[in-house]
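Engineer: Here are the chains, one letter per residue:
Protein chains: 2
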Amino acid sequence: MQELGKQQKMVIGMVGLPARGKTYISRKICRYLNWMGFKSKVFNIGNYRRQICGTDCNSNFFDPGNKDASKARDECALLALNDMINYLRNEGDVSLYDGTNTTKQRRKLIMETLQQKFSEVQVFWVESICNDEDVILRNIQLTKLNNPDYIGKSSEEATQDFQQRIEQYNKVYEPIDMDENISFIKIIDIGNDIMIYNIQGFLQSKLVSYLMNLHIYPRPIYLSRHGESQYNVLHKVGGDSDLTQTGLMYAKQLGKYFVQELEGNRNIKMFTSTMQRALHTSNEVCELLGVEYYSLKALDEINPGICDGLTYQQIADKFPQDYEERKMNKLTYRYPRGESYLDVISRVEQIIFEIERSRLPVIVIAHQAILRCLYAYFHEHEVPEIPKLNIPLHQVIKLVPAAYYCKETRIKIDPMTGNWEIQDEATIKKVKSFLDL
Amino acid sequence: MQELGKQQKMVIGMVGLPARGKTYISRKICRYLNWMGFKSKVFNIGNYRRQICGTDCNSNFFDPGNKDASKARDECALLALNDMINYLRNEGDVSLYDGTNTTKQRRKLIMETLQQKFSEVQVFWVESICNDEDVILRNIQLTKLNNPDYIGKSSEEATQDFQQRIEQYNKVYEPIDMDENISFIKIIDIGNDIMIYNIQGFLQSKLVSYLMNLHIYPRPIYLSRHGESQYNVLHKVGGDSDLTQTGLMYAKQLGKYFVQELEGNRNIKMFTSTMQRALHTSNEVCELLGVEYYSLKALDEINPGICDGLTYQQIADKFPQDYEERKMNKLTYRYPRGESYLDVISRVEQIIFEIERSRLPVIVIAHQAILRCLYAYFHEHEVPEIPKLNIPLHQVIKLVPAAYYCKETRIKIDPMTGNWEIQDEATIKKVKSFLDL
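The listed protein sequences correspond, in order, to chains V and Z. Mapping of the first sequence onto my numbering: position 95 corresponds to residue 95, and the numbering continues sequentially without gaps. Mapping of the second sequence onto my numbering: position 146 corresponds to residue 146, and the numbering continues sequentially without gaps.
Don't take every hint at face value.
Identical copies go unnamed one by one, so any copy, or any two together, can satisfy a pair.
Said to hold, decoys possible - Under the rule of at most 20 angstroms between Cα atoms (straight-line distance), these lysine to aspartate or glutamate pairs were calculated in the DMTMM-like manner:
1. Lys388 x Asp322
2. Lys297 x Glu3
3. Lys297 x Glu349
4. Lys28 x Asp74
5. Lys407 x Asp308
6. Lys71 x Glu325
7. Lys297 x Asp343
Rather than coming from a laboratory, the hints here were simulated on the basis of the structure.
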C-alpha cells in the first residue's frame, strides 16, 4: 500500500534576499508537513555560518567580492546541503534548504548535486519577493536584531549593517527564471501575488494551496470544547449526547466571555461541528454575539467506530486487544470502523486552510481530539504527542500566531459563576529559542 | 448557519484570444462548482452572437475597425451580461462569463456594471494564454470546425478564417495587468505555468487549486465497485463485511480484465477505500497487475450512522420518519450520526483532484455512493440525480474525458465465467449537443 505524496523524497529550496520572510515561510511549511505526517526539517545555512565562521560577521563578510568570505560561505552551504541529503537518506521525507540561493549558478549546483545523490528526488523552489520597504524594515527589526550576529550592537547600527548585507546580496541576485527549467512558486508580498511554474504531484500541489492562503496579519484564534455533555459525565466515548445543565451554563458563560473579549466586534469567523453538544454550545454563543457560524462535519469528534457509546473500562473488557493497541499507539490506532488521529488530521486540514486564510478573529467550538489536532498545528508539537495534549472542558485557548512563535493564553471559565481564571499567560515562546540561534 | 463560500455571489470572467480553451475551462469550472453545490451557469457570448447576428459571420465581422459589427458584438456581450446578472439575482451562486474580454476597457466596463448592480459581488478573472501553435491548431480543429459558423465550409477554409478571426482579436488584445487591480489567475499552456493575483476567500482559493491540477492529456479512468459482499446478499446497509465467494471471483476476474486492458502497463494510479470488501477486491487486482494502491478513508462508503447493519425494510420499520425523509431527499438527507450525499461529495473532492492531476490511467475500486459521486463529476449530472445513478456490482465503468465530453464504456464482467459484455459503447456524447450550439 502506498501513501499519497510519499513516493519520492523532496527538497524545498528557498530563494530570496535577506529579510524576505524565507525563514518564516520555511518554518511554516516544515510545521505543516510534519503535522501532515511527512518527516520534515529545515536546514538553515545561516546557522551553519554562525557555527563555523562565528557571529562576528559584518556586512563586508557578505560582499561577493570578498573571496575568502565567499569561500567560507560556500563551504557552509555545502555542509548544510550534505546534512540535508543525509537526513533524506535516513528518516526524512522532506528537507527545506533555507538560504538566499540568489544566483542561477548556485541553484544549478544544488540541482546537480541532488540529482547525483538520488535516483529520484523532487526539488521545489520557493522564492519570496518583497518590495515593500516598510515590511522589510519591520522584518529586520522583528527577527534580525535579536540575531547573535548583532549582540552588543545598537539597534540603528544593526539595522544599517543588515541593510548593507542585503545590498551585498542584491549585487548578484537573479530571480528564478523559467529558463532554469525548475519547479517553483514565487510569492510576492506574502500571498498577494503568486507565480507557479511546473508544479507536480500531490505534495507540491498541497504546498501551493497552503502558501496561497498565508498572510502575515495578526489575529486571535480561539479554541474551546463544547460544554460538558451527558457522555462526558458517564465517561463514555463517542455518541451524540446533548449538554448537561452544567454544559449549558458553560455555553452561556462562554458567550459572555466573547462579548467582552471581542468588544462588540461581529466581524469574526466561527466554526463548529455538526454534533449536538457543539451546536448547542455555539448557538448560545452566537445568540449573544449576534453572529452566524459554519457547521462542518470535518470538525466532528474522532469516530470511535465499534467502541461508540462505551466507557474506556468497557472497551478494555470487551475489546482487550484493541484497548492495548490503542494504548501503544494512540496516533495511528484506528478504531475498527472508526478513525485514527491521523485520519482526523487529514480531515481537519481543510479547517487549517480556513483559519490560515482568515484575517478576522476565528472561533472554533469543537471536540477534544479535533482541538488537539488544531492546537498541535499552531504549536509545532511533535505529531506523536497530539493524542496526549491537554485540552480540558470549560476552557478557552486563545492563540495569536506571530512570526516565529504562537502566543497562548488559557482562560478557564467557571460555568456556575462565570468567573474567569487566566492561566498560561507566560507560555509565550521566545523568538530566540524557536530560531535555535 | 452559514455555508462556506456562499456569502457572496461570484462572477468568473474569462479572458483570452479565441481557441485558447476558455470554453473548456469555464465548462470544467461550472461542472466542478455545481457538483460542489454551488449553482453555476456559463454565459457564452458567442452563443448570443450566433443567435442574434446569425452564423454567417466571417472573420471581417470580428475586425475591431468594423464599426457596425463592433456595435452588434457589444450588444451581444451586454445581453449576456444582463442575463448573467439576472441569474445571480435569482437562483444562481456563480456566473461564468465566457467571452474573449480582451481589452482593459471591456473588463473595466464589466466590473463597473457589476458593482452598480450588486452591493457585494466577487469578480474573479481567468485568463487562458497559449502560445503553442500546435495546440491552438488542434483546438481549432477539435472544437471550432463543428461550429455552426462554419457549416458548409471546407476544413481548410474554416481553419484559415478562424485564424484570421484570432488575428482580429489580437490587434486589440491586452493581457490582464496587475494595475487593473482585479483578482485573477493566468493559466499558461493549461496548468504548466500559473500566475495568481489578489485571491480572496474559500471559493477563489478552491478554484485556483482546481485549475492548477488540470491538464489536457487524455487517459482512462476506471471505476468499479468491490465484488459482492456478505451485506450485499443480506440487503443490509453499512457494515464492513467481507466478500462472498462470488465477490472474490469477481475480484479475480477484474484483475484479469485489467491485465488485458492495460496490456502490461504498470504505470497506473489505483485508489481504494479502507473497507474489507474494497481492500480484498483491490488486493486481487494488484496481485495480478503487480502494482500498489492507495487506501484512503475518503473513499469509504457513505456512513449510514444509526442505520448501520439494517435492511431498508428494517430502517422503514424502526425509523419510519428517517426512512420517509431520506426518500424525499436522498441528496441532503443525513443519516443520524452518519452522512448525506453532500457530505460524501465534500470528502471525495480530494480524490477528484488526484484523478484530475493524474496523467496516468486511474483505477478506483470503491462503493456505490462514492462512485455515484465520482461518476457524476465526470458526466455533468445534475447534483440531485446523484443518489439515483446506476452503478451496479460486477461492472467496470471506463471513462475517457475529452475536451467537451466524456467517453464512456461499461464492461459487465461475469464473476463465474469471466466473460465480458461491453455495454454502453454508444453513450458518447457529441461535442455539438454539449456545446449547445
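Engineer: Run every hint past the structure and note whether it holds.
Structural biologist: Going down the list of hints, with the structure as the test:
1. Lys388 x Asp322: within (18 angstroms within a copy, 38 angstroms between copies)
2. Lys297 x Glu3: between (24 angstroms within a copy, 12 angstroms between copies)
3. Lys297 x Glu349: both (12 angstroms within a copy, 14 angstroms between copies)
4. Lys28 x Asp74: Neither. Shortest intra-copy (26 angstroms) and inter-copy (48 angstroms) distances fail the 20 angstroms Cα cut-off.
5. Lys407 x Asp308: neither (36 angstroms within a copy, 44 angstroms between copies)
6. Lys71 x Glu325: Result: close neither inside a copy nor across copies, 54 angstroms intra and 74 angstroms inter.
7. Lys297 x Asp343: Intra 13 angstroms, inter 7 angstroms, cutoff 20 angstroms: intra and inter.
Consistency note: the structure conflicts with the earlier hints numbered 4, 5, 6.
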